[in-house]
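K.L.:
Read top to bottom, the protein sequences are chains A and B.
Numbered according to our numbering, the first sequence terminates at residue 211, and the numbering increases by one at each position without gaps.
Numbered according to our numbering, the second sequence terminates at residue 466, and the numbering increases by one at each position without gaps.
Treat the hints with care, since some could be wrong.
FRET-style restraints, in silico, Cβ to Cβ [stated by the list, open to error]:
#, chain 1, residue 1, chain 2, residue 2, range
1, B, D87, A, G182, 50 to 60 angstroms
2, A, K3, B, R45, 32 to 42 angstroms
3, A, A72, B, N175, 48 to 58 angstroms
4, A, G148, B, K161, 33 to 43 angstroms
5, B, F93, A, A133, 44 to 54 angstroms
6, B, K316, A, G182, 37 to 47 angstroms
7, B, R45, A, E2, 36 to 46 angstroms
8, B, N370, A, E146, 43 to 53 angstroms
9, A, G182, B, S176, 35 to 45 angstroms
10, A, S36, B, D274, 47 to 57 angstroms
11, A, G182, B, G94, 49 to 59 angstroms
Read the hints as simulated data drawn from the structure, not as lab findings.
Keep in mind it's a predicted model, so treat the numbers as computed, not measured.
The beta-carbon is built from N, C-alpha and C at its ideal position, and this holds for glycine as well.
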Amino acid sequence: MEKFTEITAIAVPLDRVNVDTDAIIPKQFLKSIQRSGFGPNLFDEWRYLDHGEPGMDNSTRQINPDFVLNQARYANAKILLARDNFGCGSSREHAPWALEDFGIRVIIAPSFADIFYNNCFKNGLLPIVLPEAQVNDLFDFIEANEGGQLTVDLQEQKIHYNKTSELSFELDQFRRHCLLEGLDEIGLTLEHSDDIKAYEEKQKAITPWLF
Amino acid sequence: MAKTLYDKLWDSHVVRENDDGTSLLYIDRQLIHEVTSPQAFEGLRLADRQPWKLSANLATPDHNVPTANREQGIIDPVSKLQVDTLDENCDLFGITEFKMGDIRQGIVHVISPEQGATLPAMTLVCGDSHTSTHGAFGALAFGIGTSEVEHVLATQCLIQKKSKNMRIDVNGKLNSGVTAKDVILAIIGKIGTAGGTGYAIEFAGDAIRSLSMEGRMTLSNMAIEAGARAGMIAVDQTTIDFVKGRAYAPTEAQWLSAVDYWRDFKSDDGAYFDKIISLDASDIQPQVTWGTSPEMTISIDALIPDPEQENDAVKKEGMQAALDYMGLKAGQAINEIPVDVVFIGSCTNSRIEDIRAAAHIAKGKQVAGNIKQALVVPGSGLIKAQAEKEGLDKILLAAGFQWREPGCSMCLAMNADRLEPQERCASTSNRNFEGRQGQGGRTHLVSPAMAAAAAIAGHFTRIDAR
């Protein structure tokens, strides 16, 4: 997994509550057995006016000019600014895969759905929860300042914007550590193999029908 | 100290506690399907790792499988590749799989309880958000992403942080025609789709106790639609009676000690809940969702709400966008809205009780002329066989329904079963999101009885339960 330390980039504002993972990456693209290549179909039903299917040449499709990701001022955005309950619904990890493949590394919202939030960290994506008033301030800033960038510093857990404005965010320390170091969680867990085996031995006596 | 059901499930599965507040949690059972597993198996291969405990895993293809003309195999080459990949991975690693021709094949969340592979007091995960279903057995069950599927395959554990405890009490007697589906929609309508975020929910109260295991599974299934990864119900005699004698249930020699162990999996008196919500069963009417989020639900006799009455600006905009997408107007009576398609199936409502309820409504009647398609998709091959033994297929076919092979089908339209743009569907599934059942499709979530009644009447209608 790619390490995450600091990023300075344009943020794209997605002003909708309850954005579900079906919207982030529609089901027809879940048939892929790969981990990559989902970026061109991120938000497919909102981004394009025609119906998308796997294997289509997306460069020939009809773009929806009203959708925020298609607006020139947000090209190259690496930060997504969102509303409450972002990533609700299906557990599909294809949603963070699509965001990451598109180039998004940070998502800022007042709240996230649990499974999506968890899936982000496995893919080098940083989801940041901020109070609604601060998210509103960021929406106002990026809408009023074309080309305005945010800097997200994971080490310091700070967001800098508009030259002098600064916000702090909270994060689970284990997740922060894994992101900063780009760690493989399975490897970390396997370091505790003896603990897992000891647990299994203990449980064999208590719940033998599970072994 | 008094513990909640969730506390007990959690505590009995902690392998070790880390300094940072996370725990390594042992997973007793993992269910695997074709959509969220290929990249996990690939990850194992790339790292040259083997599954930690083969017998903990059980697989079946469900999302992509055709529900008609199975003898032709899977026509869509992309779907076929995904199912073939599951078959190859299970064969290669030695994981038990109920393949497409096996009568035990079906929706993961239906087949596991049916086989007794879901047991009380266990932890169970699957790369599917509706894994909350299995909480109906007094188990800790939740959906995970593909990276975690790989993590469980390789280590039999997950690194987790404990959720908060929420209890939702439903007391009193349910009204005639009100099912578990109506109860859970009413709950989501009350607390919202993010109301359970960060919590593990326990459903309690005498109205919940009175539900069958099928009804309890419907309820737990949609805990995720209230934002909670896990929903659960305490173990009681109904749970134990359901499990007894199933293929993967404890053997006779272990049965009594298992039952003895399971009986403790209920919340102690005085256990602490961070949040308690109460509903009066008698207030709950049959539900129909009107919008594009499961919280947008109303009673069958109600009018579609007016966004202008909503004070929160973001919510108001969301309501208006939902009405536009659904092709509806504020103030319309939901029971006058005509339906194009009816779908009875999904991990929420495809069990034998659901099919019986639909057949009961359909018996001796005819699907209305405006209904283009009325599908009944049983949750497993065994449920299909049971329904046929009871003659339910004949009742439904005579009424003009289609009787299909088991799978996820039109719940998420990954196979050939899908809505056309602007088609309106009375669906027993769990998500009314934009495009969920087909691009531009309009989904109304309802109970199996309501779906069948809508098929007969041609529009949503109060169910005549006689």
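K.L.:
44 to 54 angstroms was suggested as the range; check whether the CB atoms of F93 of chain B and A133 of chain A agree with it.
P.N.:
holds (50 angstroms)
K.L.:
With respect to the beta-carbon atoms only, verify the hint that S36 of chain A and D274 of chain B lie 47 to 57 angstroms apart.
P.N.:
With Cβ atoms ~40 angstroms apart, the hint is violated.
K.L.:
Confirm or reject the claim that K316 of chain B and G182 of chain A have a C-beta distance inside 37 to 47 angstroms.
P.N.:
holds (43 angstroms)
K.L.:
Can you let me know if the beta-carbon spacing of G148 of chain A and K161 of chain B is within 33 to 43 angstroms?
P.N.:
holds (35 angstroms)
K.L.:
Against the range 43 to 53 angstroms, how does the distance between the Cβ atoms of N370 of chain B and E146 of chain A compare: consistent or not?
P.N.:
Distance hint for N370 of chain B, E146 of chain A holds at roughly 50 angstroms.
K.L.:
Kindly confirm whether 50 to 60 angstroms is satisfied by the beta carbon distance between D87 of chain B and G182 of chain A.
P.N.:
violated (34 angstroms)
K.L.:
Is the hinted range of 35 to 45 angstroms satisfied by the C-beta distance from G182 of chain A to S176 of chain B?
P.N.:
violated (58 angstroms)
K.L.:
Is the hinted range of 49 to 59 angstroms satisfied by the C-beta distance from G182 of chain A to G94 of chain B?
P.N.:
violated (32 angstroms)
K.L.:
Taking the beta carbons of K3 of chain A and R45 of chain B, is their distance inside 32 to 42 angstroms?
P.N.:
Violated: the Cβ-Cβ distance is about 24 angstroms, outside 32 to 42 angstroms.
K.L.:
May I ask you to test the hint 48 to 58 angstroms on the CB atoms belonging to A72 of chain A and N175 of chain B?
P.N.:
holds (56 angstroms)
K.L.:
Take the C-beta atom of R45 of chain B and the C-beta atom of E2 of chain A, compute their distance, and say whether it sits inside 36 to 46 angstroms.
P.N.:
violated (21 angstroms)
In this structure, the earlier hints numbered 1, 2, 7, 9, 10, 11 are contradicted, and the remaining ones agree with it.
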